[in-house]
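Visitor: Sequence:
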Amino acid sequence: MAHYCWYGTQTEGVCADPPEPAAYNKMIKDKAIEAMRGDLISVKFPINPEEFTLTMYTDDGKQVLIGKPNQFRFDLPSEPGYYKYRLSAVWLEKNTADYDFGIQMKG
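Under the working numbering, the final residue of the sequence shown carries the number 316; numbering is consecutive throughout.
The set of hints was computed from the structure by calculation and includes no laboratory data. Everything numeric in this text was worked out from a predicted model, so none of it was measured. Do not take every clue at face value.
[Claimed, not checked] Once the Cα atoms are required to be at most 27 Å apart in a straight line, the calculated DSSO-like pairs of lysine-lysine come out as: (1) Lys240 / Lys293; (2) Lys235 / Lys293; (3) Lys315 / Lys253; (4) Lys271 / Lys293; (5) Lys253 / Lys303; (6) Lys271 / Lys238; (7) Lys293 / Lys253; (8) Lys253 / Lys238; (9) Lys315 / Lys235; (10) Lys271 / Lys235.
Start from the sequences, fold in the hints, and give me the full structure.
Guide: Below, the structure written as structure tokens:
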């Protein structure tokens, strides 16, 4: 699931937003990827952005910025359960993409 803004010129671009938040979050959870303890998230871009962040959202609404020991590989949580993530990237200051996804950790 993604939302983005991409500019062809300095003033004109195309943006897309996700649907209503409750429906959007349900879609993400319904399409969660199953993973096991010790698995990693590996990030690959066709064109590397100037910057990107990976954020995990907890069930109580807190945001946890995931560190970058290896900028393109991230450890998954070891505890079973559902985890929601957002990968945010920026190219040339105003071209942005956010990709939301869920991970279901198996016990």
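Visitor: Against this structure, judge whether each hint is valid.
Guide: How the hints compare with the structure:
With a C-alpha separation of about 11 Å, the suggested pair lysine 240 and lysine 293 falls inside the 27 Å cut-off, and the hint holds. Restraint check: the Cα-Cα separation between lysine 235 and lysine 293 comes to about 11 Å, which is no more than 27 Å; the hinted pair holds. Using a Cα cut-off of 27 Å, the hinted pair lysine 315 and lysine 253 holds, with the two alpha carbons roughly 24 Å apart. Restraint check for lysine 271 and lysine 293: satisfied, since their Cα atoms lie roughly 11 Å apart, inside the 27 Å limit.
Under the criterion of a C-alpha separation no larger than 27 Å, the hint pairing lysine 253 with lysine 303 is consistent with the structure, at around 20 Å. As the CA atoms of lysine 271 and lysine 238 are separated by approximately 17 Å, the hinted pair is consistent with the 27 Å bound. Proximity of lysine 293 to lysine 253 is assessed by CA-CA distance (about 19 Å); at most 27 Å being required, the pair is judged to hold. A distance of roughly 22 Å separates the Cα atoms of lysine 253 and lysine 238; the hinted pair therefore holds under the 27 Å criterion.
Restraint check: the Cα-Cα separation between lysine 315 and lysine 235 comes to about 19 Å, which is no more than 27 Å; the hinted pair holds. Of the pairs offered as hints, the one joining lysine 271 and lysine 235 holds, with about 18 Å between alpha carbons and a cut-off of 27 Å not exceeded.
Going down the numbered hints, you'll see the structure goes against none, and every one checks out.
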